[in-house]
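4 protein chains.
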Amino acid sequence: MAKKKLNVGLIGYLFMGKAHSNGWRQASRFFDLKRDICMHTICGRNSTAVEKSRKQYGWDHMETDWRKVVANPEIDIIDINTPNDSHAEIAIAAAKAGKHILCEKPLAMNVKQCRQMLQAVKKSKVTHMICHNYRRIPAIAQAKKMIKEGVLGEIRHYHARYSQSWLVDPKAPRLWRMQKQYAGSGAHGDINAHIIDLARFLVGEFDEVSGQMHTFIKQRPLPDNPKKMGRVSVDDAAQFIGRFKNGALANLEATRFATGRKNHIHIEINGAKGSLEFNLEDMNRLKYFDNSVPLDRQGFSDIIVTQQNGVHPYVGQWWPPGHIIGYEHTFVHTIADFINAVAEGKSVQPTFEDGLKNQQVLESVEKSANTRRWVKV
Amino acid sequence: MAKKKLNVGLIGYLFMGKAHSNGWRQASRFFDLKRDICMHTICGRNSTAVEKSRKQYGWDHMETDWRKVVANPEIDIIDINTPNDSHAEIAIAAAKAGKHILCEKPLAMNVKQCRQMLQAVKKSKVTHMICHNYRRIPAIAQAKKMIKEGVLGEIRHYHARYSQSWLVDPKAPRLWRMQKQYAGSGAHGDINAHIIDLARFLVGEFDEVSGQMHTFIKQRPLPDNPKKMGRVSVDDAAQFIGRFKNGALANLEATRFATGRKNHIHIEINGAKGSLEFNLEDMNRLKYFDNSVPLDRQGFSDIIVTQQNGVHPYVGQWWPPGHIIGYEHTFVHTIADFINAVAEGKSVQPTFEDGLKNQQVLESVEKSANTRRWVKV
Amino acid sequence: MAKKKLNVGLIGYLFMGKAHSNGWRQASRFFDLKRDICMHTICGRNSTAVEKSRKQYGWDHMETDWRKVVANPEIDIIDINTPNDSHAEIAIAAAKAGKHILCEKPLAMNVKQCRQMLQAVKKSKVTHMICHNYRRIPAIAQAKKMIKEGVLGEIRHYHARYSQSWLVDPKAPRLWRMQKQYAGSGAHGDINAHIIDLARFLVGEFDEVSGQMHTFIKQRPLPDNPKKMGRVSVDDAAQFIGRFKNGALANLEATRFATGRKNHIHIEINGAKGSLEFNLEDMNRLKYFDNSVPLDRQGFSDIIVTQQNGVHPYVGQWWPPGHIIGYEHTFVHTIADFINAVAEGKSVQPTFEDGLKNQQVLESVEKSANTRRWVKV
Amino acid sequence: MAKKKLNVGLIGYLFMGKAHSNGWRQASRFFDLKRDICMHTICGRNSTAVEKSRKQYGWDHMETDWRKVVANPEIDIIDINTPNDSHAEIAIAAAKAGKHILCEKPLAMNVKQCRQMLQAVKKSKVTHMICHNYRRIPAIAQAKKMIKEGVLGEIRHYHARYSQSWLVDPKAPRLWRMQKQYAGSGAHGDINAHIIDLARFLVGEFDEVSGQMHTFIKQRPLPDNPKKMGRVSVDDAAQFIGRFKNGALANLEATRFATGRKNHIHIEINGAKGSLEFNLEDMNRLKYFDNSVPLDRQGFSDIIVTQQNGVHPYVGQWWPPGHIIGYEHTFVHTIADFINAVAEGKSVQPTFEDGLKNQQVLESVEKSANTRRWVKV
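Residue numbers (our numbering), protein chains in the order written: chain A, 220 to 596; chain B, 220 to 596; chain C, 220 to 596; chain D, 220 to 596.
Worth flagging that the hints you see were computed from the coordinates, not collected in a lab.
C-beta atoms are modelled at their ideal positions from N, C-alpha and C, and glycine is treated no differently.
Some hints here could point you the wrong way.
[Said to hold, decoys possible] As a list, the in silico DSS-like pairs of lysine-lysine whose alpha-carbon atoms are at most 27 angstroms apart: (1) Lys364/C x Lys481/D; (2) Lys253/A x Lys271/B; (3) Lys492/C x Lys437/A; (4) Lys464/A x Lys437/C; (5) Lys492/B x Lys437/D; (6) Lys274/D x Lys224/C; (7) Lys274/D x Lys437/B; (8) Lys437/B x Lys481/D; (9) Lys492/A x Lys481/D.
[Unchecked claim] A few chain C residues that don't get close to chain B, going by computed Cβ distances all over 10 angstroms: (10) Lys342; (11) Gly372; (12) Ala391; (13) Lys464; (14) Tyr507; (15) Ser520.
Whole structure, please, built from the sequences with the hints as guidance.
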C-alpha cells in the first residue's frame, strides 16, 4: 500500500544540495521508510542554475525565493543547504510555518542564533536535525555501539585531526568560505565542527578548552577578478586541547593546509579496556584494540564494517559483506532516520540542541584563542 | 531539451538486479548522458517478489516471462542478470529482437554458447556489453590509463588473488552457485572471471595456462531442507599459473575459502619501469611505484583516486577530492558508458567478444585441471 | 693499523645500559670509526647485578662508585645512563675530569641544572652529546635531509603523538619514573622530550606553548610491597599546542595511557610543497607526499629507508635494501658519530645545548599547565 | 662460572659471512647459552679481503683454505656460507672431521648432494642445521605456535610470494648467482627455497606441484668487463601451484623482477577457523583473523610481535614491547638455538633433512617446468 508522501523543499543546490538530493532520492530505495518521499521543490537564487539542478537531481519544481518554499502548504520538510549566514533566518521561518527541518552544519553563525533556532523549533514542536552526517558512517555508528556497551571502559583520550589541503595553493580564490561575514569561521566551523560533533557523540561533553586559530595566507585573489586580492578573514587552521566532563583529555585540530590530505579525519580514542581508531579516507573500516584478548594475539583489529543487518549498523541495507560504500551514503542514512522520526513524530539525533552545543564549543575555542586563556565551555 | 528516452528491460531482480537497478536510476543524475533512461520493466519468475522489487527499485512495470520483455517493442535495452545457464538463450532472443544488450558475467556456460551469443549480436548489429564492472573502478581505469601511457614499461608479472570466505562454514547451504548445471563452475567462473578480465584489460591476452580446481566441502545442506545434503558440483577454489602472449607471467587464484576475506582482490603488476598494486577492499586507492623517482624517495605511492574530471576517470562526477565512492558506483559508470554507446551506435568495451575470450581462458584452465597439463588458450 | 682505543666508562646498567652497551660493542663492526673502542668499565650501585651485566654485555671491568670511574685516568668517555636526578652531578664531575660525555635524555631535572652542565662541558672543551637516538633513525635522518633540501617548502604543521600503554593497568607498580624527585616529570620528560627534540631537529625552535598535564591514576602499589600504595607525583599524559619561531603550528602529545600502543610515535609534517609522515613502530619507513608529481599520480609514497650508502643515511652499513633494522641500531649510529667527533675534537649534534633547549620547552609547557596561560619558550 | 667455549670456524665472508659473524658475536649477549662461543677462525680464498673481514667482524684467526679449518682440532663448529656449489664438499668433510655444522641454504646443488650430506652428518652423529633463518623471525615462530595450537583449524591455502627487484635493470652484472654451475638455480633456489621452507614449517609436506621458471633477461654484462655479455643460465622468476599432503592448496612465486619490492615476502595462510598474514618488510608484525570473535568485531588483528618472554618467542630477549628488531636478529636466534643444541647433543630444526626435503620440492618444480606436467614430490 502507498504511504502518504512527505514533500521536501531543498534550499541550496550546490555541493550539499547535490549530496542531499541524492539522499532524498536513494533513501526509500535501500531503507524501509515509514513514509514515502516526494522531492517536491529545489530552491536557489540563480534561476538558470537551479533549473539545471532540478532536472539533474530529479526535483519536481524549482523556486528562487526560499520564503515561497517555506510558505508552500504542500511542503512538509525544509532542508537547509545554504551558506552559514542564512541558516538561522530560514530555519526560524520554517519552524514558524510548522515545517520539519534538516539543517546543514554548522547550525548558525554564533551561539545566539543557535539558541533562537532551537527555541523556534521547540515552540513549533517540529522535528529538527542538524546534518552531522558522519555520525551515520557505519564504522562510526559501530564505534558508538561498542562504546555504549562499555568495551572501551573509562575513556582517557580523544585525539582527532581533520586535515584537508585545498588552500595550500596561494592562488586558490577567496570564496565565501574564507569570509567571516558569510562563513563565521574557516576550518574551525567547517571541519573542526565535525570532529567536535564526533567527540560529543562518542565521548561526551567538553568541560574546558585552550586553542589557537591561524591564517597562513591572508590575501587571496578574488574569484571574479584574480588580479585583485581580497582579505581572508577566517582561520586556515584551528587547534585546541581540552578536557571532557568525564575526565578524558581532548586534542583536536582542523586544517586546510595539510598538503596531501584531501578529506582526512584521523581519530583515536583510548579507553581503559580498549582503543578505537578511524580514518575517514578508509571510512568502511574501524580499528579496535581489545585488552582482554590473550596477550600474544593482541593487536588493532581492522574491522571492515560491511556486515549484514543485526551485525553492523546501516550498511547491510546496501550490498553483501566486503562491498564498500562511499561518502554520500552517510546522507542517505541520515535522511532515512530523519524521515522515520518525522513519520512517528519523534526526535532524532543530532538535534538543533546538538548544533547549539557544538557552537558553544566552537565559540569557546575562539574565545580562548582571542584571550589566550583556558575557557569553560 | 528532453532527449528521447531509452527503455530498459531488466531480467533478474536479486543481488545483481538491485545493483543494476541502482545503476539505471543513478546514471543520469551524475553523468551527462546522450539519451535519457526509462526504467521500463523488471522481470522475474516469482511475481510477488518481482513486484516488491519493482516498487523498491523504481521500475514502471513488472513481468514474469522474459520472452514478453524481449518481445515488447517499447523496450530498447535488455539487461540480463539471471543465473548463468539462461544468459545465452535470453541474449540470443534479445539480439534477434534487435535489442541492445548488457549481460552479467560470466557471459555463458561455455565457449560454444559464447560464440553463438557473439554471432547473434554481430548479426543484429546491436550494442553488446558484458558487465565486468570492475573495469570502471576509477583506480582500475586509472591503472589502464597509466599502462597505456607506458609508465610501467614492459610488463613482467600479473599476480592476482580474489579471495572470499562465504563458504568456509560447512553449514552454508548449497545454492545454485554451487551446482554445475546452473553455474557452470564455482569460484572459477564467478570470481576468477573478474581477475581474468582485469588481466586481459590491463596486461593482454593469455597464451597458455596450467591450473587446478578444488572442492573442499563436497556436500552441503539443501537450502529448503537443511537436514538433507546435496552434492557440490563446482570448485571452491581455482588457481592457475600461465603466460601472456607478450611474455608476462600470470598467477591467478580465486577462492571462497579465505577466512577473513570478504570480497578481497589483491592485484600486483610489475613492469620494467614501475609497478601497480590494487586491493578491492580499498578500491578508491591505487598504489604506484615509479622507478624514475630519485632513489632515496622511491616507494609505492598511495594514490587516492578521487580527483576531478580530467585528472582521474569517472570519479569527478561524484564528489570533491578525498570523498570516496563505493561498490555500486562501478555499475553506474558501466551503464553511463553503455547508454552513450547505444545512443551513438558505437561499440563499448568489454563486449561479448571479451566475454568469449574470458570464457576461453576459463575453459582452458578447466581443461588443464582435468588433463593435468599445460593448455594453449 | 690499530688505532689508539678510546676507553669508555658506562654509568648505569639497566635498560639504557643494555642498549648503550650494544652500541659500544657494535659500532666498530658496522661503521668505519676514526678510533677503536674499548668497553672499559661498567658501573652501578648493586655489585652483583653490575657484575652480571659486565659479563653479559662484555665490559672489561666493573665498578660500584661512579666517582671512581670519572676519576680513572684511563677512561676517555663517560656515558651516563642513570636516573634523571643524577645526570647533572655526574656530567659536571666528568667534564671537570676532562672526559667526553654522552648523556641520556632528558639532560637533567630542570633548566638550571642543564645550564650548569652546559657551562661545565664548554669550560672543559670536551665533546658532549645528549642521546636523542631517534635523530639517527635512518628514516628521520632522511626526513632531515629532505627538509634541508627544501622539498617541503615552508612548514605549516608539526603534529606528533608519542603513545604508550604501560601504565593503563592500575596495578602497574610505582617505579622511580613515577616520582617527581627522581624523574622530574612523567610522560612529559620521558617521551614528550623525544618528539620535542624531533620537532627542533626537523622544524625549528619553539616560540610559545599552551599545555596541560594530567595524572589519571594517582596512587599505585609499591614495587617492594604491593599491598601498600604510593603517590604518583608525575604526569601520565602531557599535551600542548604551540607555535614555532618560523610560523609553523605545533601539536604534541605524550601519553602512557594509549591502550594498544606499545612505543608508538606518529609524526606528520605539512609543508607548502610536500608532507612527511613517520611512525616509530614502522621505523624503517618514511611516507612522503610531493605536490610536484602529476596530479593523477600524487599520493603518500611509502619509502622503505634501507638503501645503500649515498642514498639513505646510516642504513647502508648494515644489510642490502629491504632488510630492515631495529630499535637498537639508532644507538649504534649515535655512538659511531660520537666516536668520530671525539676522535676529531669536533662537536656533534645533539649537544648539551640541545638538551638545554629541550628542557626549556619542557619547562615552558609545565609552567603553562600550572598557570593555565600561554608561555614564551 | 665460565662455560667451556665452542670454537667456531666460518667459511665464507661476504653477505652471509657478515650476518653470521654478527650472530656469533651477539648470541651470548642477549641469550642465555649453555656454552660460550669463541669466534675462532674466518676463512675465504682472498687473503686480503678475509683479513679485513676478520678485523671488521671480530674473529681471532683467518685462513684461506677451508680444509685447514675443517682439519683444525680446536674447531668445534663449521659454519658454511660459501656459494652453493661448495656446500656439499665442505659439509661432508666437516662431518667426517666430527664438526657440528650450520650450513646456509639451499643445502646443496641437487637432491643427490643433499642425501650425501645428510648421510655424512648422520654417520658422524654431529649436530646439523640448515640456516633457514626466517623460521626464527618472532612473528613466524608465533605463527607456528598458533598453528600448532590449532587456532587456524584445517588449513586450506598457503599463498606466498617472495619478490625482489635487483635484476630489473638490464645493466645489472652477471654474478655467480646467475650461473647454473655455481648457484644451481636463480630466484628458485635462492628465495623460493625460503617460502618453501616456511610452507613446510607452517603447513606440512608438499604432495605434488606444477610450475614454470622463466628468464626475462638472458644476457648480462660481465662484472669485470661490462662491455662483454655473459649468458644468464638460471631463472629470474619461478612460480608453482601445488597441493600439500594434508589437502591444503599451495601457490608460491619467487621473482627478482618485481619493481619496487626490495625483499618482500607476502604470505597468507587460510584455515577453517582463522587466517594469518605476514610480510617480511614488516617482519615485527603478524596479522591474525579469528573466526570465533563476535562478528561485528572481526578483522585482521595487527599483532606487533614484540612482547616479553613467555608471550612472544625470542623477541623478549631484546627490548621492551614496541621496540622492533631487524633482519640480522633472526641469525642470532638461529645461532642461539644451534649452540644450545650442540651443547646438549640434541637435534635442532631445520636439519639437513629439512634441507633435503626442500631440495626435493625445488627439483620437483624444476622437473615440472621442464616436462610441463604435474610432478609428485
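Worksheet item: Quick check: which numbered hints come out false for this structure?
Response: 7, 8, 9, 14, 15
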